[in-house]
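Asker: Line order of the protein sequences matches chains A and B.
Using UniProt numbering, the first residue of the first sequence is number 1, and each one after it goes up by one.
Using UniProt numbering, the first residue of the second sequence is number 1, and each one after it goes up by one.
Any given hint could turn out to be false.
Computed footprint of chain B on chain A; a stretch qualifies when at least three of its residues, placed anywhere within it, have a C-beta under 8 Å from a C-beta of chain B [stated by the list, open to error]:
#1 38-50
#2 81-93
#3 97-111
#4 140-148
#5 290-297
#6 323-330
I should point out that these hints are in silico values taken from the structure, not numbers from a laboratory.
Don't be surprised by glycine CBs; every beta carbon is placed ideally from N, CA and C.
Given next are the chains, with one letter for each unit.
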Amino acid sequence: MAPKALDYESMNENVKKVQYAVRGELYLRASELQKEGKKIIFTNVGNPHALGQRPLTFPRQAPFLLDDPNVGIVFPADAIARAKHYLSLTSGGLGAYSDSRGIPGVRKEVAEFIERRDGYPSDPELIFLTDGASKGVMQTLNCVIRGEGDGVLVPVPQYPLYSATISLLGGSLVPYYLEETANWGLDINDLQQSVAQARSKGITVRAMVIINPGNPTGQCLSEANLREILRFCYQENLVLLGDEVYQQNIYQDERPFVSSKKVLMDMGLPFSKEVQLVSFHTVSKGYWGECGQRGGYFEMTNIPPKTVDEIYKIASIALSPNVPAQIFMGLMVNPLKPGDISYEQFVRESKGILESLRRRARMMTDGFNSCRNVVCNFTEGAMYSFPQIRLPPKAIEAAKRAGKVPDVFYCLRLLEATGISTVPGSGFGQKEGIFHLRTTILPAEEDMPAIMESFKKFNDEFMEQYEDYRGYSRM
Amino acid sequence: MRRFVIGRGRNFLNRSHQQNLLSSSSSHCQSRFLSSTSVIDSPSSSSMAPTSSPAITVDSLNPKVLKCEYAVRGEIVSIAQRLQQELQTNPGSHSFDEILYCNIGNPQSLGQQPITFFREVLALCDHPSILDRSETQGLFSADSIERAWQILDQIPGRATGAYSHSQGIKGLRDTIAAGIEARDGFPADPNDIFLTDGASPAVHMMMQLLIRSENDGILCPIPQYPLYSASIALHGGTLVPYYLDEATGWGLETSEVKKQLEAAKAKGITVRALVVINPGNPTGQVLAEENQRAIVEFCKKEGLVLLADEVYQENVYVPEKKFHSFKKVSRSMGYGEKDISLVSFQSVSKGYYGECGKRGGYMEVTGFSAEVREQIYKVASVNLCSNISGQILASLVMSPPKVGDESYESYCAERDGILSSLARRAKTLEDAFNSLEGITCNKAEGAMYLFPRIQLPEKAIKAAEAEKTVPDAFYCRRLLNATGIVLVPGSGFGQVPGTWHFRCTILPQEDKIPAIVTRLTDFHKNFMDKFRN
Numbered sequence: 001m002a003p004k005a006l007d008y009e010s011m012n013e014n015v016k017k018v019q020y021a022v023r024g025e026l027y028l029r030a031s032e033l034q035k036e037g038k039k040i041i042f043t044n045v046g047n048p049h050a051l052g053q054r055p056l057t058f059p060r061q062a063p064f065l066l067d068d069p070n071v072g073i074v075f076p077a078d079a080i081a082r083a084k085h086y087l088s089l090t091s092g093g094l095g096a097y098s099d100s101r102g103i104p105g106v107r108k109e110v111a112e113f114i115e116r117r118d119g120y121p122s123d124p125e126l127i128f129l130t131d132g133a134s135k136g137v138m139q140t141l142n143c144v145i146r147g148e149g150d151g152v153l154v155p156v157p158q159y160p161l162y163s164a165t166i167s168l169l170g171g172s173l174v175p176y177y178l179e180e181t182a183n184w185g186l187d188i189n190d191l192q193q194s195v196a197q198a199r200s201k202g203i204t205v206r207a208m209v210i211i212n213p214g215n216p217t218g219q220c221l222s223e224a225n226l227r228e229i230l231r232f233c234y235q236e237n238l239v240l241l242g243d244e245v246y247q248q249n250i251y252q253d254e255r256p257f258v259s260s261k262k263v264l265m266d267m268g269l270p271f272s273k274e275v276q277l278v279s280f281h282t283v284s285k286g287y288w289g290e291c292g293q294r295g296g297y298f299e300m301t302n303i304p305p306k307t308v309d310e311i312y313k314i315a316s317i318a319l320s321p322n323v324p325a326q327i328f329m330g331l332m333v334n335p336l337k338p339g340d341i342s343y344e345q346f347v348r349e350s351k352g353i354l355e356s357l358r359r360r361a362r363m364m365t366d367g368f369n370s371c372r373n374v375v376c377n378f379t380e381g382a383m384y385s386f387p388q389i390r391l392p393p394k395a396i397e398a399a400k401r402a403g404k405v406p407d408v409f410y411c412l413r414l415l416e417a418t419g420i421s422t423v424p425g426s427g428f429g430q431k432e433g434i435f436h437l438r439t440t441i442l443p444a445e446e447d448m449p450a451i452m453e454s455f456k457k458f459n460d461e462f463m464e465q466y467e468d469y470r471g472y473s474r475m
Numbered sequence: 001m002r003r004f005v006i007g008r009g010r011n012f013l014n015r016s017h018q019q020n021l022l023s024s025s026s027s028h029c030q031s032r033f034l035s036s037t038s039v040i041d042s043p044s045s046s047s048m049a050p051t052s053s054p055a056i057t058v059d060s061l062n063p064k065v066l067k068c069e070y071a072v073r074g075e076i077v078s079i080a081q082r083l084q085q086e087l088q089t090n091p092g093s094h095s096f097d098e099i100l101y102c103n104i105g106n107p108q109s110l111g112q113q114p115i116t117f118f119r120e121v122l123a124l125c126d127h128p129s130i131l132d133r134s135e136t137q138g139l140f141s142a143d144s145i146e147r148a149w150q151i152l153d154q155i156p157g158r159a160t161g162a163y164s165h166s167q168g169i170k171g172l173r174d175t176i177a178a179g180i181e182a183r184d185g186f187p188a189d190p191n192d193i194f195l196t197d198g199a200s201p202a203v204h205m206m207m208q209l210l211i212r213s214e215n216d217g218i219l220c221p222i223p224q225y226p227l228y229s230a231s232i233a234l235h236g237g238t239l240v241p242y243y244l245d246e247a248t249g250w251g252l253e254t255s256e257v258k259k260q261l262e263a264a265k266a267k268g269i270t271v272r273a274l275v276v277i278n279p280g281n282p283t284g285q286v287l288a289e290e291n292q293r294a295i296v297e298f299c300k301k302e303g304l305v306l307l308a309d310e311v312y313q314e315n316v317y318v319p320e321k322k323f324h325s326f327k328k329v330s331r332s333m334g335y336g337e338k339d340i341s342l343v344s345f346q347s348v349s350k351g352y353y354g355e356c357g358k359r360g361g362y363m364e365v366t367g368f369s370a371e372v373r374e375q376i377y378k379v380a381s382v383n384l385c386s387n388i389s390g391q392i393l394a395s396l397v398m399s400p401p402k403v404g405d406e407s408y409e410s411y412c413a414e415r416d417g418i419l420s421s422l423a424r425r426a427k428t429l430e431d432a433f434n435s436l437e438g439i440t441c442n443k444a445e446g447a448m449y450l451f452p453r454i455q456l457p458e459k460a461i462k463a464a465e466a467e468k469t470v471p472d473a474f475y476c477r478r479l480l481n482a483t484g485i486v487l488v489p490g491s492g493f494g495q496v497p498g499t500w501h502f503r504c505t506i507l508p509q510e511d512k513i514p515a516i517v518t519r520l521t522d523f524h525k526n527f528m529d530k531f532r533n
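Looking at chain B on its own, in the form it has when it is part of the complex (with noise of 0.2 Å):
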């Protein structure tokens, strides 16, 4: 092989300078041979320097990756890895002494604790010739080893590390199904299930199919979760946004979905989908079962699929309010395959087990054909599989202990701790913001989020418009440097334009909270004062 290539190498610069010269269509065949001699054995001959830009500069980009945005970890959160960095290299550099993240859901990064029954199932897969060890008969619970081996059985060999079947390992689907079932009592299909590497990659394939061109158009929440503004722009889409209405706890009307459906259309935009957040990220309203049943009419009679963000479907935090999936309000309503089709994300990020890290997730996909969900298979194939140790945990959450297991009563304190400390938090953090002049914020009932609204006095925007910034983004990077705290703007997710928001999570432990909110406090009043009006 070596002689060969070397050989014809030779004959190379000649050609390609003869083709270079002849060649008149291509703008990157500026001749680089400045010379006319051809060499190939001397490198810093400057007959070969290149007169054309290389191949990958920022202008030559796929213009749809430059076009995207995603806030959660934007701009603002550079900055506050500065100055991480700073206060590690140089102590007492800020007024504060530690960076508080509360712009991402990543709880487990601020000290929320892994459900302990998930990760002794996970380390027994993970390492199965420990489970002959009489050691461990110790160490685990009894149900916990029980389940590992029953996952064991439904791998292929037992063998964690091979690659599954494209939409996971089809004994875990099969618990999944079960699971669905059980919370909805309507039945689930394993078929229907696609396991993948957090629901984000899901999301991520449900865009790749649904849109052809720009003038496919998927309508989304304002405020909605950039992944999927992201998402759309990436694959070439366009986004056709409904608003949510924060005077009545940003409730979702279908009388605005379809005033902008139908303005969409007016403009040749073909509606192919309506994404809905539930609980809702940013703004953590959890819908009510008729607002439900409206939608699911509205997507029925306008032909579009139903895209249900889910993920956030064990954090309800008040008791007015619970969780119904849209397939169990689909199917309670008399819709089946044939009338209704729905996309449903679920996800172990959030909930009360939080395992951000570990990339867990799933769709359940129905009311679509077979050569469709044929091509829905092959899309995944090309990934291969996503990562066991996701798929373990996507199965686990959707079957945790039951009354009677050995681990039932730990398992459940964990989780109502969790989730109790949540709901405490939530309302905590919204009396606090409410409290501040100038802001009002909604209840979280769900999710992991306040959305609070600032009203910027004129001189603040004024300020933020010299700095060249938005004035939402102004204030909190403002923020981010008296106090150290991370939010998010809101502009980063959308909002009624002239109107500003933040997002803040929930997750900082609860003795961190006071000091947020002291510090927040002090932060807003000197602020307030610089620039009231």
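Just chain A, same shape as in the assembly (with noise of 0.2 Å):
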């Protein structure tokens, strides 16, 4: 009998590649623990609603009228009027395919906000609405990437996203690496480095991927910080990848969140005019949270309007993003304004979760630095904690023993003993003998203390399982 098409020997080797570890063994284990009916503290994704965040009140009524506009009777004004206004922006309602790179006027919007923002103006014909950032990064990797001899720099750790996609495509992927002792920082000549490495082996580097505020490390760069890459990216000819989805979840004030966009346009000629960037944003984040609709947008900065249609016309062929999620984002670019009817709830709303997000990033870099060997950089920005677990080389043989990475062995029994899901550090890339794992910050404040105090004992009892002093002290 002939071997069968999709058998898995015959498939696709880019697929086979692929690692996204947010969803792979942890979860799956834990997946299954659940089903037995343990209880389990999903921390392993940024997905804010799971976890118990409320939408806010707003936008949840505006498109729900798009829906059925007969129900007037129980909305305020604003809602309706904005429910019209976007209904109005659509060709057909929310049931028509749109144009495929997003609704014009949302687009517009969009264009908008980011002049308010940055302080130069923005072109609707270079943003386009995606189904979530994510894919706007496929998208834009698939144009870059040509066959393995095309690299692109990301750091480590990174968003597996980045590595997952990379491996699809058949490209290459240049680490370079965060400094944790410098806050996660960005060393420039590291970069070089990586980069000449990459060169030295016919690997043409052709794109630097920041994300920034980061995930899984949460820090935030600093405008000197951006410089210096955009920069090297000039210098380097590469296109810039910014991934930009945390830049409304700031937990510190010495570096509040400046865009890559307003940085190169700060620097003026050459730069501005000549380095290619990508910016990408999205609706899963924020305050907001909705990672369920799916909305995101990404702004292309100084590439030929020829490449663009080709973008383009990739774009078209997945028809069009869809229509709920683009209001989404035109009403999280579009907020609220002083005077409306809404703008008071909706401040309580979004303030309220951010404040608490700053007060439980503090908590659980705090709680996890109060453990025995753990270190933990604090929470700058984004979603998440990514604390260093410095496991003994006894808890290391261990996991070698059960054929698991040691990190993997170490967040597996925490899940068990806890039900705290979490997903190993070696998901994220770190660099060789130094583990970690990500935990995000979502969690309800209520709960927070408990979960910590579940952690400690559970590590604390872990350590001196494999630390044995006591072996040591008998020599």
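Join these two chains into a complex; the hints should help.
Answerer: Take a look at the structure:
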């Protein structure tokens, strides 16, 4: 019998090589345990609503109306007005394919948002809405990667969308290491070394990814950092992919968010006209957390018109991004203003969420730092905590015997003991011999103390089990 | 961090300058440093001028991107959008006062109304807090409220804003599986279902899995919906065409498929799958059951994955034909998981629901090993999940109101109204095309399109060549400029070489159809008068 086309052996190898730990082994095991009735705390993915964050009232009212405009009795006037506004921008309501780049009126609102944020004009024609920022990243990398000879600079640790996509597209990931002891700082020297190394292997390095604020690391880049990076891209002829989906999640005041585009424009000529930049944003993070809508956009800077045409062509094959999420995007970038009926409630809700996230970031950092053999950089932004777990040699041996990567071994034990489902650091990349885990800061504030206590109890017992100081003292 | 980077930064330019001089392998390392001094703080210095072109230009794009085409939103549509702008800024600038988009299967953009029950349920799921309000009882049907509760209970924490399971919410997959079973009479497993943002991403996923290199081929019908050709090109594979027979109502002969398979093999291509679109796009034919059985048998024998695009399953307009899913046909032949690998695609964009903008759909994947399924799951998980609204719609489409439900009668009236109207429009346009000189048009048994064949006079073909345009695009462009009607040239779908077609949807509202027919007829007469041999 002829071997079948989709037997495991005959599948596309690129698919097999792909890894995406956020929903990998730990998550699957957690789901199994959940089915068995165990209470699981899912801190593996940045999915706020799943952990009880309530959706903001206003945006949920407006799109709702778009589905059934007969319910004027139940809604405030500004929600109704906004619904009518967005309906008028569509070409046939929520159920019609829009322009493949997204509804022009919404893209205009996104451009206006970018202009208000950065102080520089933004062209709606260079803004494409997508089903989540992830799709935009995949589309962009698809254009950049021609084959395995093409390399993309990716921070380590990184959000594994990048490694997975590069793998799927058959390209080469060129890692640059963030320095944990310098608060996950970026060393331009290391960057240059990574590039040189890649080139010596015959790889053409074409693009650089920065995630700002970082995922999983949370660090916020300063303006000076960004300038160095942009300068570097200019000199090395790289297109910069600026993943800025966490731009609204900032938990310290020393380094507020500043966009790569703004810094680039501030640098003036020749950079502002030469450096190619693609910036990504989403409705899934911030204080919105509307992950399930699948809404995002990317903005292109200094990308030639013919290239933009090709990107449009690819977008058109998928017909259009989903319309409800496009409207969410409009609502997100075009928020309520003082005087609007729903304004106070909106401010209350959004501030409440951000302030709580800031407190939770602090609680988790401090909680981890109080544990034996755990050090944790402060979560300056984004939604995660990425503590380093200093596993004793005996633990590493035990992991090997169990056939598991050491941090996977630790995280599985953590899960079985406490129900806390995390993602092992190996899913994000880390320096050889150094282990981490990623957890979100999203569990409800009132649950935090208990969760951190539970973690500490597990960790300290684990460390005691595997450190075995008594063994040393006998010597 | 700031100090750290700036301190290092000063060394950077010196070092990189040295390294540029030292490294010889990369062509990108043509030195930018025309002067030997490195200065951080004078950005306007000409010593920093790049001597090589920017990273991303059309010439340096992924060639697979450059290679793929998608005519449904191609050149003609760009021209149409320009004309539409002109009409807005300068009314009266053309001999028509509106653009009629007959190029794309996008029903609600042309006035088709959504199904009330579906929108009620979606609205309630989007804003569940109103389920507690008394006014809601008065505004919504009881069964839509009940269904919304049911769905919300299937979503952890009732959080419709949260990422779901990467295959889609389990409860919704259960509903869809039950719907498939009710439709086919054979069981379906919710774990075989992958909910996606429309059917198109699911097709892409399968192409990604199947295509390892350009030596892998996928059999596609010609004419085909250009998602397939585009997707195959994007993933670096080879499209192996098999021709549908226009003379026999776009019939699919397995002998033709076999012939093409052998020819591809002889060229060293490993053919991995067979795409069948049923009902057909752009051709509109509904396969007869014996035909389907022959196809299943063929795929089983040749070890091909059967990719069954069944998004138009609810669009059948002729009494003598019925939709049968390939799953049902295979199972009724006694073929199970071990016998045939089958992927069936469904969407919320077509049928009588036409919810294109929501991006909802799924693929049912049967006959694959657990390891392959794991890989499919893994790829799905990189994009986290499809949008929740689309997922809910997919479950509603596969389990609409039943006899006895409060909304049942109004739902049926809406559904039947739309479907019977589509059938009427299909017939009216088919007759209209057939009445035109040099045009023959097969019946649209299903789907949403007519695909008439046009015998272009030699003079027209020469004129097209002079304008460096494909003849059917030449015709469509002239038609657009004269009437505002947007069609898609047949060359966007593939056709037997030397024949010309265009695709026209049957979607403009019924009251617009007479005007379309008149404008088309007048244009065509003028065109033939001008170009007749």
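Asker: Look at each hint and say if it fits the structure.
Answerer: Hints and how they fare:
1. 38-50: n = 5 at 8 Å, threshold three: holds.
2. 81-93: holds (count 4)
3. 97-111: holds (count 3)
4. 140-148: Since 5 is at least three, the answer is holds.
5. 290-297: holds (count 5)
6. 323-330: Per the Cβ count (3), the hint holds.
Every hint from the earlier list agrees with this structure, and none is contradicted.
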